[in-house]
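Use these hints to put chain B onto chain A, whose structure you have.
Residue-level listing of the chains:
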Amino acid sequence: MSKRPYEKPVINKLRSGLMNKFGWSPAYARKVRTAIDGVSVDELCGQFGSPLFVYSERTARRTYRQMFNAFSTRYPNVVFGWSYKTNYLQAICALMHQEGAIAEVVSAMEYDKARLLGMPGEKIIFNGPHKPMAALEKAVSEGAVINVDNLDEIVDLETVAKKLNRTVHVGMRLNLDAGIYPQWSRFGFNLESGQALDAAKRIARGGRLKLNGLHCHIGTFIMDPQAYAREITKMVKFGYELREAFGFDMEFYDIGGGFPSKSRLKGVYLPPEVAIPGIDEFAEAITHAFSEALKPGDFPKLIIESGRALIDESGYLITSIVAAKRLADGTRAYVADGGVNLLFTAFWYKFNVELDREVGGINETSVIYGPLCMNIDAIDEGIQLPPLKRGTRLIFSPVGAYNNTQWLQFIEYRPNVVLVTEKGEVEIIREAEDITDITRRERLPKHLELKNGK
Amino acid sequence: MNRLSQLALSDEGFVFDPQTGDSFQVSETGIAVLRALKEGRSDEDIAQQLVAHFDVALEEARRDCTDFRSQLKNFGLA
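These protein sequence lines map, in sequence, to chains A and B.
Mapping to the numbering used here: the first sequence position 381 is 469, numbers consecutive.
Mapping to the numbering used here: the second sequence position 5 is 15, numbers consecutive.
Just chain A, same shape as in the assembly (with noise of 0.2 Å):
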């Protein structure tokens, strides 16, 4: 006689009045995702181990495509710029560059990752707060776009502008009110307090350098495509103001990026799909103020340095199960082998969290954890799951933004990550740690080095 297939014994009570409306997120509404672009997740981590990153190039490829048409179709002069702090993985960088990105640096260390890869420094733009003199030095003899923070920056730059004995090309950084609350205002020049036009008088006093361009980052997760609509029309006009008061020609608008990826939020209630508008209405908003804003005949570059948008969708990561238990009031808990050490983005966003096989059973209010040893690696602390075993795989997503960049080496290894090609081939683009990454930079005294454990 053949058995009668499992499922883990699970009693739940019933709560009249205090009904979820979207129900208990039956079966049928069980995600499942057994392979990745075509690989199936068994096969990566028979291969590459668990937890393991994954991108897929395919993914990468057609949103980077979809993203740049839909603002080159509507302006004519278009540049991105790849926003290395998004993701910094060299096969992601050096993907972006070949669809057409430049690049995007906010430090002297992305600096160097960049012109590493190969990039040529007038295809980089410098941005941040942090611009140490070595680094600029370098920046503006290599031809960098640099887009200057602050007033000490600018003294930096004339030094440097003496030293080299030319005149330097700089962007200015504003900051402005676009509508978007909380307004960003620590970086660059505020403009509508005068500040930004200050800066510029004191550019245009210095004689070293030359204003060429304006740069504004208005936030991050931006759901309102009008408020880059306002951002660039305040840009336009205070361009203006500059070439009428000091000549400077503005050759490129760089409105920064922050467009959100189909990721949601922690406390927004409509799914992603509902809640994030599209691409298009970005483009359309933005492509629309700048021709109305610009006057006829001109057409500056439109900089785009978009990051999450172009990346966070074609990550996953995949963990598996190692325990499950029952917490002091009863929930259902589960230990993965990564948690917020992995996941940064777990701190605001609610993963879409797929299982690698059909699992049968009455779904529990679950917390999945992970493995570090402190309360706040939760990844998802309400989620409807089946009763799941160890070994159950837990794929997240979209987790290709910011986690390969603001990962934490704390007390676990980081694992591989890989990039499954266009033609469904794994490349391990960065392997796993090992205690040698660990301990490589540091340095035992004599005096302590231990002999038979003392």
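Where hints are given, some of them may not hold.
Derived lysine-lysine pairs resembling DSS-like cross-links, with alpha carbons at most 27 Å apart [to be verified]:
1. A:K289 / A:K119
2. A:K438 / A:K354
3. A:K354 / A:K201
4. A:K438 / B:K83
5. A:K511 / A:K534
6. B:K48 / A:K383
7. A:K413 / B:K83
8. A:K413 / A:K354
9. B:K48 / A:K413
10. B:K48 / A:K91
11. A:K119 / A:K438
12. B:K83 / A:K298
13. A:K101 / A:K477
14. A:K251 / A:K289
15. A:K119 / A:K350
16. A:K511 / A:K350
17. A:K173 / A:K226
18. A:K389 / A:K119
Derived by calculation from the structure, the hints in this document are not laboratory data.
Chain B alone, transformed into the frame defined by chain A:
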């Protein structure tokens, strides 16, 4: 008084507790375990029974019996 013996169980997995008026939803294996507990059988016995009827290893069945007991305790049923 054994609280479990008071529970009314249906074959479809509906459980009613006449003492509190609470109702519960139980999985198929949960019904089997609950019935066996009402009969006063030991966890080991129940695990063996699960193995005999369902596609599960003994170790997993034992573990799940322990977990099911803690669920019952949490609802004040054991």
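Against the structure, the hints:
1. In summary, the hint linking K289 (chain A) to K119 (chain A) is not supported, as the alpha carbons are separated by about 58 Å, beyond the 27 Å threshold.
2. Restraint check for K438 (chain A) and K354 (chain A): satisfied, since their Cα atoms lie roughly 6 Å apart, inside the 27 Å limit.
3. Taking the CA atoms of K354 (chain A) and K201 (chain A), the gap is about 33 Å. The hint is violated against a cut of 27 Å.
4. Note on K438 (chain A) and K83 (chain B): the hinted pairing is violated, with a Cα-Cα distance of about 31 Å set against a maximum of 27 Å.
5. In summary, the hint linking K511 (chain A) to K534 (chain A) is not supported, as the alpha carbons are separated by about 53 Å, beyond the 27 Å threshold.
6. The suggested pairing of K48 (chain B) with K383 (chain A) is violated, with an alpha-carbon distance near 84 Å, which exceeds 27 Å.
7. Simply put, K413 (chain A) and K83 (chain B) have alpha-carbon atoms about 15 Å apart, close enough for the 27 Å limit, and the pair holds.
8. A C-alpha spacing of about 25 Å is found between K413 (chain A) and K354 (chain A), which places the hinted pair at or below 27 Å, so the restraint holds.
9. Using a Cα cut-off of 27 Å, the hinted pair K48 (chain B) and K413 (chain A) holds, with the two alpha carbons roughly 25 Å apart.
10. This hinted pair checks out: K48 (chain B) and K91 (chain A) have alpha carbons roughly 24 Å apart, not beyond 27 Å.
11. The straight-line distance between the Cα atoms of K119 (chain A) and K438 (chain A) is roughly 15 Å, inside the 27 Å bound, and the hint therefore holds.
12. For the proposed pair K83 (chain B) and K298 (chain A), the alpha carbon gap of about 75 Å is over 27 Å, so the pair is violated.
13. Straight-line distance between C-alpha atoms of K101 (chain A) and K477 (chain A) comes to about 22 Å, which keeps the hinted pair within the 27 Å bound.
14. About 22 Å separates the Cα atoms of K251 (chain A) and K289 (chain A), which keeps this hinted pair within 27 Å; it holds.
15. Of the pairs offered as hints, the one joining K119 (chain A) and K350 (chain A) holds, with about 17 Å between alpha carbons and a cut-off of 27 Å not exceeded.
16. For the hint linking K511 (chain A) to K350 (chain A), the alpha-carbon distance of about 25 Å falls within 27 Å, and the restraint holds.
17. About 20 Å separates the Cα atoms of K173 (chain A) and K226 (chain A), which keeps this hinted pair within 27 Å; it holds.
18. For the hint pairing K389 (chain A) with K119 (chain A), the CA-to-CA distance comes to about 43 Å; that exceeds 27 Å, so the pair is violated.
The structure shown violates the earlier hints numbered 1, 3, 4, 5, 6, 12, 18.
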